[in-house]
Every structure is written in C-alpha cells, then in structure tokens.
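Same order as they appear, the protein sequences are chains D and A. Just so you know, the first sequence maps onto residues 1 to 243 in the working numbering. Just so you know, the second sequence maps onto residues 1 to 407 in the working numbering.
There may be inaccurate statements among the hints.
[What the hints assert, rightly or not] Capping the alpha-carbon separation at 25 Å, the derived lysine to any residue pairs in SDA-like fashion look like this: (1) LYS320(A) x THR61(D); (2) LYS119(D) x TYR6(A); (3) LYS397(A) x GLU79(D); (4) LYS397(A) x PRO20(D); (5) LYS320(A) x ARG87(D); (6) LYS320(A) x ASP58(D); (7) LYS320(A) x LEU223(D); (8) LYS397(A) x THR61(D); (9) LYS320(A) x ARG100(D); (10) LYS122(A) x GLY83(A); (11) LYS74(D) x GLY83(A); (12) LYS397(A) x GLY17(D); (13) LYS320(A) x LEU104(D); (14) LYS119(D) x THR10(A); (15) LYS397(A) x ASP15(D); (16) LYS66(D) x ASP399(A); (17) LYS119(D) x LYS122(A); (18) LYS74(D) x ALA403(A); (19) LYS74(D) x ARG393(A); (20) LYS122(A) x TYR6(A); (21) LYS74(D) x PHE7(A); (22) LYS119(D) x ARG2(A); (23) LYS320(A) x GLU16(D); (24) LYS74(D) x SER266(A); (25) LYS397(A) x SER94(D); (26) LYS397(A) x TYR14(D); (27) LYS74(D) x GLU402(A); (28) LYS397(A) x LYS119(D); (29) LYS119(D) x VAL225(A); (30) LYS397(A) x GLU16(D); (31) LYS397(A) x LEU104(D).
Hints are computed from structural coordinates only; laboratory data are not their basis.
So you can see what is in the structure, the chains are spelled out below.
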Amino acid sequence: MTPIIEMQGIHRIYDEGGIPTHALRGVSLTVKRGELLSIMGPSGSGKSTLMYIMGCLDTPTSGSYKLESLDVSKLTDDELAQIRSERIGFVFQSFNLLPRATVLRNVMLPLLYGPLPPKEREQRACSALAAVGLPAEYYDHRSNELSGGQMQRVAIARALVNDPALILADEPTGNLDSATSRLILETFLKLRDEGKTIVLITHDAEVASWTDRCVHIRDGHLLTDEEERAWVAQSGSHERGRT
Amino acid sequence: MRARDYFEETWEALDANRGRSLLTILGIVIGIAAVITMTGLIGGVRESIMGEMGANRARIITIGVESGIKSTDIDSLKQSVDGYEAISLTNNAGVDLSDSSQNGGSSDSYLQVQGVEASYFKIMGTKLIAGRFFTDMEDEEAANVVLVDEGAAKRLTGMDAEDAVGQKVRLVNANFTIIGVYESQAGMSSILTSYMPFKTCQRRLGYTSVPAFTAIGLARKDKDVMELVAETDAWVQKHYHLESSEDHRGQYDVSAMQSAIDQVNSAMMTFQLLMTAVASISLVVGGIGIMNMMLTNVTERIREIGLRKALGARSSDITKQFLLESVILCITGGIFGIVFGYLGSLAVAQLAGSLLASAGFGGITPVLDLASIAIATGISILIGIIFGYYPARRAAKLDPIEALRYQ
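Please model the entire structure based on the sequences and the hints provided.
Have a look at this one:
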C-alpha cells in the first residue's frame, strides 16, 4: 500500500537576520496509511517545523515530500491551501476554535473553502461531531461555553470533517487534565481503528506510549528509539561526568 | 468560498463588535447625510425654480423691447419668422388690496396682475384647479374676468378654489368675475397673483397708453429653440430699426428660457459640487476611521486568520472576507446616512420655510432621487474598498505559521 507520507532528506533553513538557522537537517520519514505515529522532541528540536511541513503550511528548503504520492514540496501558496483544505486536518494544543461561532459552525469551517453545498456541510459536521462523541445538544452552543475536553473534541471533529488523508495533532492533550487527555487519546485510537492516519506531536512520553510508533527528533535530526536511547545515555553520562 | 458564506462570516464578525462597528460608521453616516441633505435641498430649490418656469420651459422664448410691442408687431413676427406655436403679449400691474384689508403692509395686501392673451396659458402650461381660462373673445372685448391663484382666491373671497369661481371681486374701481383658480407657484405661495385679459388689464387698470414690453412665445416642438431665438433676434433688430443703434443690445432682449434653465442648472451644480467637496472631508475622516477599525480587527484576529489559512483558506479568501467587512460597514453607514440626510433636508426645508414665510417664500420640498441614492451608495462602497483594502491585504499576507503562534 502507498504510504501517506514519504519524506526524503528534508532540510529547512530559516534566515534569521542574515544568519541561516537549520531547523531540519535531512529528515526522512515514511508514514503508512492507518498509522498512529508520535513525533517526540524537546522545545527547539524542530518538531513544529516538521509538523508545519507535513501540514503543507511550510515548504522544505530542500528534499522531497510526497503526500499520498503527490509531491507537495514545490507547490504555490494557493495550491498548498487547496491541499490543506482537502487532505489535512489540524488539531492544536489551544484548540483554536472561533469563540463567537457555534460548535457546528466551527466544525464546518474547513468546508467553507471547499465546493460542498451548505446542507451537505452540515450533515458532514454532524457526522464528525458524532464520531468524536459530542452530544447533539452542544451543537448550537458557542465554543467558549464548552469544557476543555469538549473543545478539543470539537477541534478533532473539525479536523475530521473534510475526511482528510492525514490528521496532524500538535500537543493535543497539552491543555487538558489526565482524565480528559485519556478520553482524547482514546478518540484518536478509535479514529486510527477506523483507518485514519494520525501524527501526534508531543513532548510527553506518556502520550507517545499510546501510539503505534514513536520517532524522536533532536536538533533537526530524526532518531529511532535506539538512537534516542543512546543519545539520552550519552547525554546522561556527560551530565554525570560534569557533577 | 460562496457569496452567502462571505456574508454570513462578515455578519458574524461585525455582530461580535456591534458597538465598535456602529461608532466607526458614524463618520460615513455624517458624510453621506451631509451630501444627501445638500443634494435634497439643492434639488428642491431647482425643482421650485423649474416649476415657476412652467411645463413648456424648454420651448419658451421671451421677447422684450424697450420701446414696446404692439399686437401688429406680433402679427408681423408670426409672418416673418416661422416656428412659433403661439405668442402672447404680457403686461404687469398690481392692485393694492390694503384698503379692504386689516393686515395692510403684509405681502398679501398686494395682488400681482398680469395681463396676458388667451394663448399665454397654453404657452406656460398653467394648471387650473377650478373654473376655466378666458377666451380670445373675452380678451378682445376686454371682459372683466380674472383668474387668481389659490392664495388670492382665499384672500379675495375667503373661499376655497371651487367656491371662489363665479364670485365677484372689486379691484381698483371695477367689479371682476373670478372665472378660474390655478395652482400657486411652487415656493411662492404667499405672493398673490392673478391673470386677466391683456386688453382688460390695459383699459381697466389704467395702462391704456402703455404697450406691452414683453411677449412670450412657444417654439414649435419640431423647431430648434436657439435657432428660433437667432431668427427672432434678427427680426427684432430689423423691425425696430435697431441695427444701426450703437447700444442696440440694451434696447431689446430675445432669450430662450432654456438659457436661464442652463444657468440655474449650472449654478446649482457648482453649488452642489462645492457642498459635496465639503461633505467629502467627513467621508475621508470616516474612511480613516474604518481603516483604523479594520486594522484593529486584523490584529485581534491574527490567530483566526492563521487558523483559516491552516484549514484551507487562500489569501484571496482572506482579502475578500476583510474587504467585505469594510464594505458592509460603509454601506450600512451609507444607508443610515441616506435616511438621516433626507430627514435632515426635510427639517432644514421646514425651518427655512417657517423663517422665510413672511418674505413670501413658500418653502421647498427636498428631492431625494434614485440617482442621489445610487451615488451615495456607490461612494460608500468605494470608501469601503479604498480604506478596507490595505487592512484586508495585510490580513491576507500574514504567514499562517506566525499567525497561529501569535499570542
């Protein structure tokens, strides 16, 4: 089966006041359809940059990125917008719901930029909300009237509504208590079981332990579990040597 | 994104900041209201003046000769110059009513009397309310008949138009029968006017020896008015032997009312342009207010813009959304401005009418025509686009990643 994501030698260099800053240094990664993958790394490791490139919000300086076999590394802004509208769903740590809009309108938001007629959009939004288990009585509530867990479920429904090839979740449990986090992670597992491909960005090992596979990122390099363990061991001995 | 979606999103955004939106459009409301008030009043004054000129105003030619015009002169003119549908001699006189009045000195103690031929009413398009016009025969016989305006009918008989017809009134030292009542001239309702046959006016009011100084002619519909003016001008010079006179221009005048209409239109247009220029300062200030609010909106909604872009919005979608918000704000301001402007023009007209009533000014009715509404709406849309474009582009150019990270 064709992988959802095929990244080869991705580099991303930012120009910060004339000084080139390497955020990603030759990242290669493949994500299979129906996989629940976590990308773990500390702050500044490049995991957000990797997510933005995966989510077609940014393009690599060099390397190739194929999303569902389509090379998206050289597309224009408008073409990338269309890819995001059709193939990618985002879940953010801070939910990013429109506070003045109802739950239903928030979920329908990605469909505004597509071709579906209003009636069908509403049907799709209701199905997505049902899939994340939000009761129908909340559909007409404003999003700022909901609890954190409910808001994140609305955000997941919004990510699902355009039936994307890939759901990208950036620290989806970062603002939630552990009981609610568990519910959200269970929702992701359920979606994975239904065939969705999900990439979680996290720095929480507990969250990563729920996923099928975890890749680590440090200083713009992807590390396997073994490489990560070796890096931690080396770093630990280095620390001990200093004390 | 569909048009309906843009409008729904726009409404939602503006509704969320209702108070601020309403305050921001005040500048536009005031600017548009000022333009509409000026336009309404100027239009009203223009209509009033045009009303006085009569329905056939574009075809009317006035011939004035210092040495006087006789009936035989008119016959000669008709033979020499082809193109008149009708010509009437006119004479002006006045009757002091204060002898029989308790309010002597006020404007309605004086009755303007114009001696005219029967054809005059056709030329001027005078509108009767009751009764009839006089006939050529009555003119020939110098019959004691008179047509009065509504105000004069009331003043002379104390009756309404219908009842005043047939009443006898004493003017100077003769009895006259009111045979018709016509509409008072727009804007001049408190000046009392009347018409009587030309010959009656000459004989009964003591102007026997005085010829007419003015004749009013109506050009045929198929005749070019300015051409007829030129032909008449040449005829007058020849007929009265004025070609050799050094200052012959001062001794006669042949002019089309169209020239006066053009002058009035031109003066009104200049005045309107001046007033609109003044009002447009308010519109510019209003536009800057709109831009300021839209820039604040963009800053407040940076994360929303980032989110929309992440969810698939193109830069053009964001531009259109913010531009529409600004345009809708301005159109709303424009609609309020049109309503308040019209109400303002009614109020100013009312005030001016009551202040100037004693001076014989009957007031004006402000004119709100479709063109003014269309122009006001167009200006509003234009302000929305001009002052909304920069904030909208700024929103559209935001980098989605930076926007999503914005705190």
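Tested hints:
no.	hint	verdict
1	LYS320(A) x THR61(D)	violated (31 Å)
2	LYS119(D) x TYR6(A)	holds (16 Å)
3	LYS397(A) x GLU79(D)	holds (16 Å)
4	LYS397(A) x PRO20(D)	holds (23 Å)
5	LYS320(A) x ARG87(D)	holds (24 Å)
6	LYS320(A) x ASP58(D)	holds (23 Å)
7	LYS320(A) x LEU223(D)	violated (44 Å)
8	LYS397(A) x THR61(D)	holds (20 Å)
9	LYS320(A) x ARG100(D)	holds (20 Å)
10	LYS122(A) x GLY83(A)	holds (16 Å)
11	LYS74(D) x GLY83(A)	violated (80 Å)
12	LYS397(A) x GLY17(D)	holds (20 Å)
13	LYS320(A) x LEU104(D)	holds (23 Å)
14	LYS119(D) x THR10(A)	holds (20 Å)
15	LYS397(A) x ASP15(D)	holds (19 Å)
16	LYS66(D) x ASP399(A)	holds (22 Å)
17	LYS119(D) x LYS122(A)	violated (67 Å)
18	LYS74(D) x ALA403(A)	holds (22 Å)
19	LYS74(D) x ARG393(A)	holds (24 Å)
20	LYS122(A) x TYR6(A)	violated (59 Å)
21	LYS74(D) x PHE7(A)	violated (34 Å)
22	LYS119(D) x ARG2(A)	holds (13 Å)
23	LYS320(A) x GLU16(D)	violated (32 Å)
24	LYS74(D) x SER266(A)	violated (62 Å)
25	LYS397(A) x SER94(D)	holds (23 Å)
26	LYS397(A) x TYR14(D)	holds (18 Å)
27	LYS74(D) x GLU402(A)	holds (20 Å)
28	LYS397(A) x LYS119(D)	violated (31 Å)
29	LYS119(D) x VAL225(A)	violated (65 Å)
30	LYS397(A) x GLU16(D)	holds (19 Å)
31	LYS397(A) x LEU104(D)	violated (28 Å)
Taken one by one, the earlier hints fail for this structure at numbers 1, 7, 11, 17, 20, 21, 23, 24, 28, 29, 31, listed in ascending order.
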